[in-house]
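Enquirer: Each chain is listed here by its residues.
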Amino acid sequence: MRAFETPLSRAKGLGSAKNGFHHWWQQRITAVVLVPLMLWLGFGIALQAGADLESARAWVAHPVNATLLVTSIIILFYHGAIGVQVVIEDYVHTEGLKAAGILLVHFACFLVAVAGILAVIRIALGS
Amino acid sequence: MRNPNRPLSPHLTVYRMHQLTSLLSVVHRGTGVFITIAALLLVGWLMAMAAGAEAYATFNAIAGHWFGQLVLLGVTFSVAYHLCNGIRHLVWDTGRGFELSAVYRGGYIVVAVSILLTILVWVVAYAGRF
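Protein chains in written order, with the numbering used here: chain A, 3 to 129; chain B, 328 to 457.
Simulated from the structure, these hints should not be mistaken for laboratory data. Honestly, I wouldn't trust all of these hints.
Unchecked claim - Incomplete in silico selection of chain A near chain B, CB under 7 Å: (1) Val89; (2) Ile125; (3) Gly128.
What the hints assert, rightly or not - Some residues of chain B that are not near chain A, with every Cβ distance over 10 Å (derived): (4) Asn332; (5) Pro334; (6) Val360; (7) Leu373; (8) Gly379; (9) Ile389; (10) Val398; (11) Thr403; (12) Arg423; (13) Gly424; (14) Tyr431; (15) Gly433; (16) Val438; (17) Leu443.
Backbone N, C-alpha and C fix where the C-beta goes; we use that ideal spot for every residue, glycine too.
Go ahead and model the full structure; you've got the sequences and the hints to work with.
Expert: In structure tokens form, the structure reads like this:
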């Protein structure tokens with residue numbers, strides 16, 4: 003990924019010593035993957051809108067859908083967490099508040115993602 | 328070494344909001360933050376489904392209420408817009424499409440396609456019920 007840096011910065015091997023470039027790259031990789039995933043999810047959920055419990059559960063429990071749902075949840079919340087982090091970094095200028103905000107966003111996204119994945123697993127296992 | 332006078336990201340107040348380009352950029356961030364929060368609804372839907380008939384019925388009642396539908400319409404448009412404009416950003420990342428005319432053309436295409444996508448998703452959602 004160092005190919006994306008300028009020759010000078012590559013030679014110096016320095017940088018801001020933070021994770022800016024890594025996040026920038028991750029943001030784009032997840033964005034590309036999310037394009038087909040969100041199109042699938044959007045129309046998939048639309049087809050289940052107002053469905054009865056049995057058919058909605060059957061849709062989620064289908065191996066292909068369960069796999070894509072868990073994948074979508076992981077990538078969606080990761081993309082969201084690093085995206086909101088950039089917004090916080092741009093607009094919150096108090097160091098402590100900024101760090102606390104970023105930590106909170108990452109933790110909240112992680113927690114909600116785990117809850118979502120667990121729900122898919124419970125449905126898939128039929129409990 | 329801290330320099331409190333270092334340049335910061337341009338804040339919202341420096342832009343003229345009736346300018347399509349900056350408006351679309353701000354909306355991209357706004358929809359991004361909104362989608363991250365709205366993703367709670369996806370997890371809520373799955374959790375209600377896992378919990379059982381009662382919780383699922385409650386979720387459907389809230390989602391089916393006119394206000395719930397309005398929020399979901401906003402979520403649909405936000406996802407459609409963020410997705411389309413995200414592709415526009417990915418094209419820019421390759422170093423292409425920076426001519427002013429291309430920036431505006433892309434902006435209009437993004438708005439049009441995201442409205443069409445939103446309509447399409449809702450047609451599918453309502454067509455499935457009948």
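Enquirer: Give a verdict on every hint.
Expert: Now for the hints, and whether the structure bears them out:
1. Given the 7 Å rule on beta carbons, the hint for Val89/A holds: about 6 Å separates it from the nearest Cβ of chain B.
2. For Ile125/A, the interface hint holds, since its Cβ comes within 7 Å of a Cβ in chain B; the closest pair sits about 5 Å apart.
3. Against a cut-off of 7 Å between C-beta atoms, the interface hint on Gly128/A is violated, since the closest Cβ of chain B lies about 10 Å away.
4. Under the 10 Å C-beta cut-off, the non-interface status given to Asn332/B relative to chain A holds; the minimum distance is some 12 Å.
5. Residue-level check passed: Pro334/B sits 12 Å from the nearest beta carbon of chain A, beyond 10 Å.
6. At roughly 6 Å from the closest C-beta of chain A, the C-beta of Val360/B falls inside 10 Å, breaking its exclusion from the interface.
7. Annotated as non-interface, Leu373/B brings its C-beta within 10 Å of a C-beta of chain A; the closest such distance is 4 Å.
8. A Cβ of chain A approaches the Cβ of Gly379/B within 10 Å, the least distance being about 8 Å, so the stated non-interface status is violated.
9. At the 10 Å boundary, the C-beta of Ile389/B stays outside the reach of chain A, the nearest C-beta of that chain being 12 Å off.
10. Non-interface call for Val398/B relative to chain A: holds, since the shortest CB-CB distance, roughly 14 Å, exceeds 10 Å.
11. Its closest Cβ contact with chain A, about 7 Å, brings Thr403/B to no more than 10 Å, contrary to its assignment away from the interface.
12. At roughly 15 Å from the closest C-beta of chain A, the C-beta of Arg423/B stays outside 10 Å, upholding its exclusion from the interface.
13. The claim that Gly424/B lies off the interface holds: its Cβ sits roughly 16 Å from the closest Cβ of chain A, which is beyond the 10 Å cut-off.
14. Listed as a non-interface residue, Tyr431/B keeps its Cβ farther than 10 Å from every Cβ of chain A; the least gap is roughly 22 Å.
15. The claim that Gly433/B lies off the interface holds: its Cβ sits roughly 16 Å from the closest Cβ of chain A, which is beyond the 10 Å cut-off.
16. Here Val438/B stays apart from chain A, with its beta-carbon at least about 18 Å from theirs, past the 10 Å limit.
17. Once the 10 Å rule is applied to beta carbons, Leu443/B is consistent with being away from chain A; the minimum gap is 13 Å.
The earlier numbered hints that this structure contradicts are 3, 6, 7, 8, 11.
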